[in-house]
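**Student:** Going down the list, the protein sequences come from chains A and B.
With my numbering as the guide, the letters of the first sequence map in order to residues 10 to 525.
With my numbering as the guide, the letters of the second sequence map in order to residues 15 to 480.
Hint data in this document are derived by calculation from the structure and do not stem from the laboratory.
Since the structure is predicted, the reported quantities are computational estimates derived from the model, not experimental observations.
Check the hints yourself; a few may be wrong.
Think about it this way: if two alpha-carbon atoms lie no more than 35 angstroms apart in a straight line, the pair counts; the simulated DSBU-like pairs of lysine-lysine are [unchecked claim]: (1) B:Lys480 / A:Lys41; (2) A:Lys335 / B:Lys90; (3) A:Lys410 / A:Lys397; (4) B:Lys427 / A:Lys335; (5) A:Lys335 / B:Lys230; (6) A:Lys15 / A:Lys514; (7) A:Lys497 / A:Lys482; (8) B:Lys226 / A:Lys200; (9) B:Lys88 / B:Lys427; (10) B:Lys19 / A:Lys41; (11) A:Lys397 / B:Lys19; (12) B:Lys432 / A:Lys41; (13) B:Lys427 / A:Lys200; (14) A:Lys200 / A:Lys15; (15) A:Lys244 / A:Lys200; (16) A:Lys482 / A:Lys512; (17) A:Lys15 / A:Lys381; (18) A:Lys200 / B:Lys230; (19) B:Lys197 / A:Lys41; (20) B:Lys230 / A:Lys41; (21) B:Lys88 / B:Lys432; (22) A:Lys514 / A:Lys482; (23) A:Lys497 / A:Lys410; (24) B:Lys432 / A:Lys335; (25) B:Lys480 / B:Lys90; (26) B:Lys480 / A:Lys335; (27) A:Lys397 / A:Lys497; (28) A:Lys244 / A:Lys397; (29) B:Lys424 / A:Lys270; (30) B:Lys226 / B:Lys197; (31) B:Lys90 / B:Lys424; (32) A:Lys335 / B:Lys19; (33) A:Lys482 / A:Lys397; (34) B:Lys480 / B:Lys88; (35) A:Lys381 / B:Lys480; (36) A:Lys15 / B:Lys432; (37) A:Lys397 / A:Lys381; (38) A:Lys200 / A:Lys497; (39) A:Lys244 / B:Lys197.
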Amino acid sequence: MSGVRKYHAPVWDEPVVMEMGSPGRRGYIPPKAGGGDTSAFVPDAMRRAERADLPELSEAEVQRHYVHLAQETLGMMGVNLFGTCTIKYSPLLGERIAAEHIAALHPGQDEETIQGVLAVLSGMNDMLCELSGMDQFVFQAGGGADAAYTNAVTTRAYHADRGELEQRNEIITTIQTHPCNAATAAAAGFKVITLMLGEDGYPPLEALEAAVSERTAGMMIGNPDDMGIYNPEIKTWVDLVHGAGGLCFYDHANFNGVMSKLRARELGFDACMFMLHKTFAAPFGGGGPAVGAYGCSSELEPYMPRPLVRRSGDSFSLEDVDQAPKSVGRVREYLGNVPQIVKAYSWARSMGAEGIRFASDLSVLSNNYMEKRLLEIPGLTISHPDIKSRRLEMTRYSLGKLQEDTGITVFDIQNRMVDFGVDAPWLSHEPWLVPEPITPEAGETWPIEDLDYWIDVLAHVCREAYENPEVVKTAPHNQAIGPVDGSKINEPDQWATTWRAYKKKHGDRLKERTGS
Amino acid sequence: MDVTKIEPHHLMANSNQGTVEHMLEVVGADDVEELFEQIPAEHRLQGDPNLPPALVSEADLSRHMDDLLGRDVKPKVSFLGGGCWPHYVPAVVDEIVGRAEFLNNIWGTPSSDLGRTQSLFEFCSQLGELLELDFVGLPVYSWGCAAGHAMLMAQRLNGRPEVLIPASLDPERRAVIETYAGKPELEQYVELIEVACDWETGCVDLDDLKAKLSEKTAAIYLENPSFLGTFEASGPEAARLAGEAGAEVIVGVDPIALGVTASPSAWGADIVVGTIQSLGVHMNGGGGASGFIASRDEERYARQYPTLCLSAAHTADGDIGFSMTLFEQTSYGSRELGNDWTGNSTYLWAIAASVYMALLGPRGFEEIGQTILSRSHQAAEAVAAVPGVEVRFGDGFFKEFVADFNQTGKTVKEINAKLREHGVFGGLDLSARFPELGQSALICVTEIHQDEDIALLGEALTEAVK
Chain A
10 MSGVRKYHAP VWDEPVVMEM GSPGRRGYIP PKAGGGDTSA FVPDAMRRAE RADLPELSEA
70 EVQRHYVHLA QETLGMMGVN LFGTCTIKYS PLLGERIAAE HIAALHPGQD EETIQGVLAV
130 LSGMNDMLCE LSGMDQFVFQ AGGGADAAYT NAVTTRAYHA DRGELEQRNE IITTIQTHPC
190 NAATAAAAGF KVITLMLGED GYPPLEALEA AVSERTAGMM IGNPDDMGIY NPEIKTWVDL
250 VHGAGGLCFY DHANFNGVMS KLRARELGFD ACMFMLHKTF AAPFGGGGPA VGAYGCSSEL
310 EPYMPRPLVR RSGDSFSLED VDQAPKSVGR VREYLGNVPQ IVKAYSWARS MGAEGIRFAS
370 DLSVLSNNYM EKRLLEIPGL TISHPDIKSR RLEMTRYSLG KLQEDTGITV FDIQNRMVDF
430 GVDAPWLSHE PWLVPEPITP EAGETWPIED LDYWIDVLAH VCREAYENPE VVKTAPHNQA
490 IGPVDGSKIN EPDQWATTWR AYKKKHGDRL KERTGS
Chain B
15 MDVTKIEPHH LMANSNQGTV EHMLEVVGAD DVEELFEQIP AEHRLQGDPN LPPALVSEAD
75 LSRHMDDLLG RDVKPKVSFL GGGCWPHYVP AVVDEIVGRA EFLNNIWGTP SSDLGRTQSL
135 FEFCSQLGEL LELDFVGLPV YSWGCAAGHA MLMAQRLNGR PEVLIPASLD PERRAVIETY
195 AGKPELEQYV ELIEVACDWE TGCVDLDDLK AKLSEKTAAI YLENPSFLGT FEASGPEAAR
255 LAGEAGAEVI VGVDPIALGV TASPSAWGAD IVVGTIQSLG VHMNGGGGAS GFIASRDEER
315 YARQYPTLCL SAAHTADGDI GFSMTLFEQT SYGSRELGND WTGNSTYLWA IAASVYMALL
375 GPRGFEEIGQ TILSRSHQAA EAVAAVPGVE VRFGDGFFKE FVADFNQTGK TVKEINAKLR
435 EHGVFGGLDL SARFPELGQS ALICVTEIHQ DEDIALLGEA LTEAVK
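So that you can see chain A by itself, here it is in the shape it has in the complex (with noise of 0.2 angstroms):
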């Protein structure tokens, strides 16, 4: 086992924004017009009474602030296995593409002048099409939530358009599907359920058997889990559903560990989402931008969101809800975050299908590697330790055994491994269902390097936890700022989202600050 690398942030002590710069200082410079005095156009009542009090500063020096926020941020910068999201490298060319051909568009105009926007996402609806089955994707979602989302109105609107949605108000999901499932069925007004696990790693047959019903509007589920276990039984459960009248959606957001592999329509799925910004390698953005392509059954398109894409030999045309009126219309407004769809539309080009299964079989073979190495570590445990088959593509571990030996929970080793530059793991979704989790993931483009540093990393991190769980507790040490208190973040007295609020609930300290 090789050492861990000497790393320090870079340590700025930047300050807000706020307190920088000079009054009359100017950052950027509108455009002047001739027009002479303007307020006349502006009613009374309407007008703004004092400027904005925004910090002064040239240009220079913003560029220089945010410089220094970026070096202050460790991003992918070093090495990052966040469970879950399916970190991966975005190429770059899809910067440069989107620079150049998408920035400036419109969403309003005219069909005949879009034409090459409408054909690639034309060509990325049918390459999902042939990955899930599916009939038809819509990409308007901002994000894997709001495909979720998508699902829930979408199938508000099939049961509503049969007369049968007051009797169907229930959604049916797991308690290890990913949380956005079960809150925006019940922000579209559903009431959800939620089957427990049981001894196989999955919620057994039996619960679904006894969730389903007259009332059961439809299933919201992922395969395979963030624990990496694949329910087996899926097309029963479907086919339950089904049974019951209610519609099934597959949640990929795992679909690094299956895609070539299997087919949600094939499953017996109506619906199905994608997430462009995770798989299919467009930027994560620290949150977005970011896609929730949408895709089902040709039985459920009339409800979809509109407008979609509609091909004619050469030429494409936006279908809207004048021709679609059982549409639920728009989950967000305009066609969704086109820069991220020609970016994963470019990724999926150069990967191929043959490259995709590569990627697959690759994510799947570095997880498994990176089990074997990890269930070396003292006080790491594997969840659901009697199952044996192999994982797929991300495993779900305890520290729990770690955290009963020392007293040093997952928290605190997410911020020592941050001290030897590697990203804080992703633990778990609520509720932790093991004590403690961490979830790594190691895709297809992280170097085999890589992997073993960052076990070398979580195992060194353990190894102080026993020896020297002083220098774990008080971590990070090698970080841009030491450990943040948030004990009372959630008083309202304290709480402050902004340096208004942070002036009148924590002014005295700024007074010792600087010394006023």
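We have chain A already, so just place chain B on it with the hints.
**Tutor:** Below, chain B without anything else, positioned relative to chain A:
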């Protein structure tokens, strides 16, 4: 998998034969296929999916993308707006959002992502100054989504069944709001009630508002400037009436107007929503859409946010750092018991907006607002000078105005097709959604439009209506 036939791929580090063999040896498998043992054979797809041939070389792929997207037609000048507008994006903004640390960021700890979280806090802080509001959530997908969430927040606050919306609402935004409102068959449902527009002024019809406000009203939703560009002069009175009726006042705003117009919070808004696309985000074919929710820093509002919320906090040494607050009330914290839902959003655009606001500063916002007012009115004059074309709602609009083509006997579609022959993209066609306006277009003029662009619009339009 036949390891001897592996073709290494540039996007997959471990795709070389030696690494694959090594990993297989460590895991104790003869073939990768063994690792998929959990998936029953009858679930498996036979063979590879039928995708177009791979363009493995970046040079080939680059050419393919340029060829495909080269089919798009670029105008000399465009007057399309209506919720997604052409504003200038300073080069510094593009440089910062293109930084790999931000672009490829996932989600680090408060310490390892200090820079990202500080940028987001600065976004909230600067937007808070423009809005004169102390509580700003992290961004949501779009303006329409923000309005939808705000409406549900209001309903959770007072339990009332109805929300009043203006008839002049953007059809795109309205369609999103309608989705969020839900269906009457289900328990959670908001009944949307349209308040008439005074088609003489473009403002909300106050008499109609009064008639529809009641103890059933959870909230009224207004916009300033409205979708049609007009100032909602009856906004303060509408807000007062809604307050009297015990309803929440939600106001949508385009923040680039806030250098010259008062924040809605100054005239009665409880919750302010809007877009951040105008703050340094390219239109991106609509992919620049992004939204925000803000309010007074009162616990009753704070507890209803569906967004992630970021707060300043301190280290033991007294340094300012940043961490999530009110996490338990989100869908991440409480699944279906949380407020609506959250997830990946438009955080990179929040950083863009943060940089943009820092560049503009107080004077920049004032000046850009004045320039937009000036140029849009200049363009309206040019358009009104075209025979047969009228400008509706006269003076007093921001960035956008309604050009009425009814006297020309031509449809907006016909006129815009003619304009394209001159390299001009005309305004958004309002005829389908707003029959009251007949053949009318919403023309958008920002700080990027110069005298020659406005002259070209006038000339091309004169030709087009002939």
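**Student:** Identify every previously stated hint that the structure contradicts and give their numbers, smallest first.
**Tutor:** Hints 2, 6, 10, 13, 14, 19, 20, 26, 27, 29, 32, 35 and 36 not satisfied by this model.
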